[in-house]
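A.B. asks: The chain contents come next:
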Amino acid sequence: MADFAWVSSSASAVPAATATPRHSAVVRVTHWITTLCFLALLVSGVEIVISHPRFYWGETGNVLTPSLFELPIPASRSSVPTGYGFVLPDQNGWSRYLHFQAAWVAVFTGLLYTIYGLLTGHLRKNLLPHGADLAWRELSIVIANHLRFKPPGEAEAWSYNVLQRLTYLFVIFVLFPLVIWTGLAMSPAIASVFPATVTVFGGQQSARTIHFFVSVFLLFFVLVHVVMVCLAGFRSRMRAMITGRAGGHTEHS
Amino acid sequence: MSNLSRRKLITTGLAATAGASGLAVATSLAHRYGLIPPDHGGIYGAGETLTYASQRMLTCRSLAREFPRSQISKTPFANGRPPKDEVFRRLQEGAFAEWRLAVDGMVARPASFSLAELKSYPSRGQITHLACEEGWSFIAEWTGVPLFHVLNVVGILPQARYVVYSSIQRGWWDSVDMADALHSQTLVTYGMNGGELPVAHGGPIRLRVPRQLGYKSVKYITRLTVTDSLRGFGKGLGSAAPEAGYAWYAGI
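Chains A and B are the protein sequences, given in the same order. Mapping the first sequence onto our numbering, position 58 (from 1) lands on 58, and the numbers just tick up by one. Mapping the second sequence onto our numbering, position 248 (from 1) lands on 248, and the numbers just tick up by one.
Please note that a few of the clues may not be correct.
As the list claims (entries may be wrong) - Computed beta-carbon distance windows for the label pairs: (1) B/78 with A/243: 55 to 65 Å; (2) B/57 with A/154: 50 to 60 Å; (3) B/7 with A/243: 18 to 28 Å.
Said to hold, decoys possible - Just a sample of chain B residues kept apart from chain A, beta carbon distances all over 12 Å, derived: (4) 16; (5) 115; (6) 153; (7) 155; (8) 195.
No lab work stands behind these hints: they were computed from the structure. Built from N, CA and C at the ideal position, the CB exists for glycine as well.
Taking the hints into account, I'd like the entire structure generated from these sequences.
C.D. replies: In structure tokens, the structure reads:
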């Protein structure tokens, strides 16, 4: 399907409007809602961490117990010894409200995307790598191309390469569930209903520490994702994700 | 093309109608079962209501995790500073013998309890986690009389929906719904780790609500008011927390 689309559009006979969109409307809308949620969760998450930039392992931890590690940043609470001579303003109230509101929107968006992806075959067709691509020989070629910053070929404007597929699947089905789970594990109410959500991580403070690292991973993914979009052609990739139209060769038409 | 757009229009219309009526039904059900938090207004109201409603439905029978003695924290951190005013100092000098906990509002027999009276009631101990919304935590053994016992003594009226509790520290007051007020682990706490509850941790009396974050466990409480509505208290948002920008419900 994808092959047909880009072959025919390169023949410049097919107007963009009737061509299959690069990304379906559901994918585009859920992508941008998730982007907004991620930004809200990131900003509010940073604000929440600032109130206690110390991390622990196990069930408990406070300023009187040794930390696992500390972020070298000032804190918004005077009770945390940071070495800085000042205390940042407390932003935890609205940050917590915003964090959970954005989390709800992200969860609903994720559910919509997953159900859509399963029903329409989007996940199977567009994200599941082809068996042959997973062979080490094929993988090593793709990895080498990435390491050499080789610009993507024509076909890649219409289909994800194997590294993209694996990364997106990892983010959607490993990092997202893990960040939600560790977030819920910090809730005393959720822990009262499902104690295993916490004990499986070895305690509430362990869950908080893992939540932090998964968030750092997600931030790293977003940064690399944006860099890759710029390298592949910012305008064409943005247009594909906003309007659905893709293909560098239709640009002049 | 026109077929397609008509079909789209009909589908979108049906989906919008179904969504709107679903939302209306959900809202009226949430009102009936008390699943709307007092701070449901404003831009974060939707998320807050979803959190409170979903956690209330999940937690109807749940118990906060309790730990073995070996897990009691050796260094429980005491946040904030005890009251410095003359009234508190004099009460402290008298070993809090004069401390009173008044219970009023929608109760059959309003009363005022001394510390000794509270200690004469059947006590309960629990080793639970106290987690602050900032991120730190400790585990301690808390001893006290369950709030439901105190409420049984005064006899709450059937229309009671919330219990408001206030501290001798000016500006500190909070409230819980009846699910937490009548919960077996919600304690009028006067003991910690085998001794008296230290002043730094809220002594002589702190209300422990272990299924919520630490800020719901208000220290130095002097008054409980049973009510059917939180409108008349402060700005009507349920506690001092939302007035300072924090959520009323702190289960997460």
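A.B. asks: Each hint: holds or not?
C.D. replies: Do the hints match the structure? See the list:
no.: 1; hint: B/78 with A/243: 55 to 65 Å; verdict: 58 Å, holds
no.: 2; hint: B/57 with A/154: 50 to 60 Å; verdict: 52 Å, holds
no.: 3; hint: B/7 with A/243: 18 to 28 Å; verdict: 22 Å, holds
no.: 4; hint: 16; verdict: 15 Å, holds
no.: 5; hint: 115; verdict: 28 Å, holds
no.: 6; hint: 153; verdict: 26 Å, holds
no.: 7; hint: 155; verdict: 28 Å, holds
no.: 8; hint: 195; verdict: 18 Å, holds
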